[in-house]
Structures are given as structure tokens and as C-alpha cells.
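Protein chains: 2
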Amino acid sequence: MVQKIIGPRALPHNEQGEAFAPSNIALCKYWGKRNSDLNLPLNSSLSLSLGHLGTHTRIRANAFKDEIYMNEQRLDPSAQFSSRLIAYLDLFRPASDCYFRIDTHNNFPTAAGLASSASGYAALAMALNNFFSWNLDGASLSILARLGSGSAARSVYDGFVEWHRGESEDGMDSYAEQIPAIWSELRLAIITVSRAVKTIGSTEGMRRTVETSALYAAWPEKATRDIESIRHAIWGKDFAELGGTAESNALAMHATMLDSRPALLYWLPETVAAFHKIWRLRQDGIQLYFTIDAGPNVKILFEEKNEHIVRGEFDDAEIVRPFVC
Amino acid sequence: MVQKIIGPRALPHNEQGEAFAPSNIALCKYWGKRNSDLNLPLNSSLSLSLGHLGTHTRIRANAFKDEIYMNEQRLDPSAQFSSRLIAYLDLFRPASDCYFRIDTHNNFPTAAGLASSASGYAALAMALNNFFSWNLDGASLSILARLGSGSAARSVYDGFVEWHRGESEDGMDSYAEQIPAIWSELRLAIITVSRAVKTIGSTEGMRRTVETSALYAAWPEKATRDIESIRHAIWGKDFAELGGTAESNALAMHATMLDSRPALLYWLPETVAAFHKIWRLRQDGIQLYFTIDAGPNVKILFEEKNEHIVRGEFDDAEIVRPFVC
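Chains A and B supply the protein sequences, listed in that same order.
Position one of the first sequence corresponds to residue 3 (this note's numbering), numbered consecutively onward.
Position one of the second sequence corresponds to residue 3 (this note's numbering), numbered consecutively onward.
So here's chain A without its partners, still in its complex pose (with noise of 0.2 Å):
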């Protein structure tokens, strides 16, 4: 279990706090957690924020009971992702009679596949820490994310993150860093095949993978190879290098969940289509690379050169400009 976890200065606190923390998507995959009490991975990840795309949240004391608003809309308490929400509430509180309103708005689409829980429990944070003026800096608030949800340690920054999966049993050596790189005309493309909440979960995903795939021993491995890649293409902007590295990352994390029992396959028919578009089209040079989470979506990278052709082939593609303002 998590321990309760106060300030430096829990009271008093600020009329409210609010903060802004975009969505992120991995480039390298979080997938196994070596404790699930304090979602601590099995690999480290990277990952690429996507700009404006996100949550903000905005916290406030309250009486008598925690309200959560999200979009403007008063959810159920005792619906799941409240009580996850109340829960993670419960390690900052200064009293037991202590409670929040928290009004949190996303301007994407929830469930769409892009993670709302990681710009949720990163704005989250970052709102407490405004809140309780902590000042706490961004390793701790990765810290503080993490404990909501696992890629939320990734979301407490802009550009590109490495998430570092770190040694020690507490997870205080478990935390994001951002990369200080800025690549421009880096583009991204969500293709939305289904708007369908997943069945699976992650975490339940992340589970039975790490105790019935036989592959997956050689994921975390992987992973580390790949980062390593994924650095060096960063570094030295090549393109190729890092889309071809992200896509063969993606698709290595979803072969460890086809053999899973029962096998996990997210994918649709329309999700195999796109790949076949994907290969098809860069098979004519243009260089488009696709990742894809634990959902039927699938996301394009691409550089601005090739934005017409995207526009073109994939006409309900959603185009983020992650270094962009």
C-alpha cells in the first residue's frame, strides 16, 4: 500500500490551484509494472508530449465531500474512476474532513486511445502542488503523477521524456526527465478507428502479459535497446531512425500480448488496415511510421513535409504539432 503523503506545507493552502499537462505518447512503452501499489515499471519509456492536447485541472477545498466535475459534467462517486480519483486524493489530505472539488476538462476525446488518466493524473499533481504551494520540482511531481497512473510520470513534461524505471522498492528513483530537445517539424497523426472504451484495461493487460507471455522476458531488454536508439535519433534528428524504432517498439509490446493467455489483441480489422496503408506508402518513400497502445488506434509520425499526403490518405486524421504552440 501507499503511504499517506503530506506536504512540507499542507496548510495553509491557496484559494485553489489549477495547472495545464499535456498527453503523451510513447515512442518506447511502459508495459509491466514490478509493483502495482506504486505502478512501478518493469522497463523505462519515452515518450512525446503532445503539445497543447490535455488536461487542465483546477482544485479546490470543499465541504463536507469530494465533487469531481470533468467537462463541466458532476461524475457518480461511486463510479470507478471516481473512486480511483478519491482514493488518490486521500494521500494528500491534511485532515480526514479535509476535501476537494477538483474541475478537470480534457480537450480530446476520452477513451479515444490517447491516455487520459497520464495528462489527468499529471495535472492532478501539478495542481496539488499548486494548490498546497509545495514547489516541488519535476521529479518529484513525476513521483507524485506515477502514483495516480504509471505514464502520468511522463506528462508533468513538455517535448520528449524519459521515464526511468529506476531500482529502488519505494520508487523514489522512478521518475521522468525531460529530454532538452525541440524538433520543430516533428508531426503526429491519432487515427481514430474506434471511440469504443477497451475492455482490458492496461493494467490488467500489463498483468497477465508479465505472468503467462514466455516472450516477454525479453521485452524489458528491448526496450532499453531501443530508448538508446530513440536518444540517438533525437540527437541527431534522423527521422528514419526514430520512427522505425517506435513502430518496431509498438509492435514488439503488442507481440508480448498475443501471447498472452487468454491472448490480448487490441487491434481491429481497420487497425491492420492502416499498417498496410503505412507500410504501402513508405514502401513509395514517403516516410510515414506508426505506433499503437493498448487500443485499436493507431498514430502516424511523420515530419511536416508529408502533412498534405497524411491530410490526404487518412482524411479523419486528428494532426498534432507537439513543438508547436
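Keep in mind the hints are simulated off the structure, nothing from the lab.
For each residue, glycine too, the CB sits at the ideal point set by N, CA and C.
Some hints could be false.
Partial chain A-side listing against chain B, Cβ under 10 Å, derived [unchecked claim]: (1) S215; (2) W221; (3) R227; (4) M259; (5) L270.
Covered stretches of chain A, going by a simulated chain B footprint (3 or more residues, C-beta under 8 Å) [to be verified]: (6) 74-85; (7) 273-284.
Fit chain B to the known structure of chain A by using the hints.
Relative to the frame of chain A, chain B by itself:
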């Protein structure tokens, strides 16, 4: 290189030799070679022969040159198919100016995902045995067939067949044996998603996987465990264990392909649609399992009692009764 093989009685030969060999579907797949000249595998495999579906081959002496007819059509001797077959015949010529006429018939669609090379080289090895009156036993025939195509090692028998990978460098312990069990109620449905010849053949696919997939390291051991389970399922007539293991084994093989660079994905959108349909039916209590080879077509394993359901749900399925004459 393979040494020239001349049987104990190369001359005189009979006027003609002929044989039929069934096609086979692996329940535990052969994926990865340790020696590609001798077709020695990195893992043992276990298959089910397809009864009357297969290849019939007749061999006669011919003057001046080899001639190969497939389904009554003379093949271009310079085509890849012919030159591979002629190189195989070279192993057995009593003298360099001895030529053969080969007449071969497949009673299933060639290149429709059924390995025609498996039944083809098994039938050819058995026809040669008949032509030269070698009177070879099953293990020796299996070795000769293996030199033509790895999975042909399993097509010299009916029913369940296990191909032992063997340890020796010359491959003399790498042959198949029949598992003498009969399971009359067992059925297989072939769902042909595409009849196109695959662009990456199995030999190249295996090479790429062995050389580039990090996850492949765990495959041979998984195959060993899967063979144990399938043998156990056969003797106990445990259909769920048989089907579940076969499905998991096929998905693991495809997982190692996915992890290759460049990635190998033989699936089409229709392939994934078939998987989801089979899983949905299974959730509804109908015991269907699938297996899939290095191609897009899906093979469903089921029991006789569910034949009407398979016919109703998959109207273009070809249904095979492996143990029914």
C-alpha cells in the same frame, strides 16, 4: 550443401513410382531453422495431416531432360518452383544423364495457405522410394522429404505427427513419427481470406525472425512445452487443451514475426475479423479455436458436433475431416 544421396538400389528402377501424401497443419509450428541446407529446425513441431487433401505424384524415367507437370500443366523449367524441384531430384539421380518426368496433382488450391510444398515433397520422396524400390521406413522417408521442404517431414504420415528437431549436425535424428491416436470427431475448417501468393516466403520469414527478433529467444522453449500439452490433450481427448494450446502457439509464432525488422505481418483485416468472430463464438460457449500459418488464412479447429455452426457462421469454409476416409 547436401551430399548426393543414392539409395541402396538405384538401378534397376521400376517403370514408374507413385505416392500420395497428405497436406498437414501444424498445431505446434515449425518456425526457425538451425541449418537451411538440410532444413533442420530450431524447434520440434506437431501436426495434423489432412486426410485426403494433399498431393499425388508419379515419377518415371525421361530422356534428355527433366519434365515437370503440375495438374496436367507443363511447368517452365526455369521457374523457381521447377529449379528447386530439379535441384532436389539431383540428389537422387543414379547418373548425371538420368532424367525424370514428374506428374503431380494437388487436390487443394495451391498457395492458398495450405503448404503445397509439404505434401509435394513428401509425395515426391515416397514416389522415389516406390520408383527405386528402396523400401525405406517412415523415419527415412521423413528425412528425405525434409530435404525438400521442412514441413514435408511431417506429411509422410496420416493423423497426428511429431517432428523431432534432433540434435545431430547431419540431421539424421531430425525426422517425424506418427502419434498413433485416432480422434474421429476432430474437424478443421479452412477460411480462405486471400488466394494471393505471399510476398515473403517461409524460409525468408524464418531467417528474418531468427536474425532480428529479440522475442524469438523464448520461442523454442515455448514450442517444447506446447508439444507436451498437445500430446497430453491428444491422449486425454481434451479438446479445449488441444485447441487452446494450438491457438496460443500460432499467436506466439506470429508474435515473433511481428517483432522482426522489418516487421512481418501476414494478417489482413479479414484475418483479424475472423479471430474476433471465433473469440466471440467461444465466449458464447462454442468451442472453436484457430491456428494460422505464415499467411492470412485462418484454420478453425472444432469437433463434429459444432460443424453446423461453423458452416452457418463461415459460409466459404472448406471443412476437413482428418480421420475420416
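For this session: List in ascending order the numbers of the hints, as given earlier, that are violated by the structure.
Result: 6
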